[in-house]
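Chemist: Residue numbers (the numbering used here), protein chains in the order written: chain V, 20 to 102; chain U, 20 to 102.
Among the hints, a few may not be true.
Since the list gives no way to pick one copy over another, a pair counts as held whenever it fits inside one copy or between any two copies.
Using 20 Å as the maximum straight-line C-alpha spacing, the simulated SDA-like pairs for lysine to any residue come out as follows [as the list claims (entries may be wrong)]:
(1) K99 - V65
(2) K97 - L74
(3) K99 - I24
(4) K97 - G75
(5) K97 - L68
(6) K97 - M20
(7) K99 - I55
(8) K97 - P78
(9) K97 - L31
If you are wondering where the hints come from, they were derived from the structure by calculation, not from laboratory data.
None of the values given here were measured: they were computed from a predicted structure.
Chain residues, written in single-letter form:
Protein chains: 2
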Amino acid sequence: MTEYIGYIAGFLTTFAMLPQVLRVYRLKSAREISIIFNTSILLGVVLWLVYGAVLGLVPLIVWNSIGIGLVSLLLLAKLKYGR
Amino acid sequence: MTEYIGYIAGFLTTFAMLPQVLRVYRLKSAREISIIFNTSILLGVVLWLVYGAVLGLVPLIVWNSIGIGLVSLLLLAKLKYGR
């Protein structure tokens, strides 16, 4: 039961990034996105992946690999459309 | 060692939200922030807190409690300044 809560929590926090990425690309504007937010999240997600990989925790590896992709897309949008 | 990676990862992904919150309040604009991003993250962080509380994982409890506060502030900004 508790494990399922972790899976749902990971799904929600990872895929939350998808509508955010789509929104800035659609608006062609990322002025409001904080570059510190973006780079901190990216570095944090990379470290969560390392943490999961070292401990062999598959859900952490899966969610954070997807997360790295999504956050990278947001960072690209920020570099392209921010300011 | 691995534990420290988890602490740093949690610090980065939680406090990443702070400059993002400050930015939208300073700009008084949250048009680019996706409401789906905001509500999914909030629900996900609440579930991570439940997961951590059930398993008695103190770092998860600490990071996600702070996270709930920060994400709530971003949601308030979205409701106030979005669109």
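Chemist: Now look at each hint and say whether the structure bears it out.
Modeler: Evaluated hints:
Taking the shortest alpha-carbon separations for K99 and V65, neither the intra-copy value of 22 Å nor the inter-copy value of 33 Å comes in at or below 20 Å. In the homo-oligomer, the alpha carbons of K97 and L74 never lie at most 20 Å apart, since the shortest distance is 33 Å inside one protomer and 37 Å across protomers. Taking the shortest Cα distances, K99 and I24 never come within 20 Å of each other, neither inside one copy (36 Å) nor across copies (31 Å). In this homomeric assembly, K97 and G75 never come within 20 Å of each other (Cα to Cα): the closest approach is 33 Å inside a single copy and 38 Å across copies.
Taking CA atoms no more than 20 Å apart as the test, K97 paired with L68 passes in neither setting, with 23 Å inside one copy and 30 Å between copies. In this assembly of identical chains, the alpha carbons of K97 and M20 never lie at most 20 Å apart, being 39 Å within a copy and 33 Å across copies at closest. When the C-alpha separation of K99 and I55 is checked against a cutoff of 20 Å, the pair qualifies only within one copy, where the shortest distance is 16 Å, while the shortest distance between copies is 23 Å. In this assembly of identical chains, the alpha carbons of K97 and P78 never lie at most 20 Å apart, being 28 Å within a copy and 31 Å across copies at closest.
For the identical chains of this complex, K97 and L31 are inter-copy neighbours only, at 19 Å across copies versus 22 Å inside a copy, given an alpha-carbon limit of 20 Å.
Hint compliance for this structure: hints 1, 2, 3, 4, 5, 6 and 8 are broken, all remaining hints hold.
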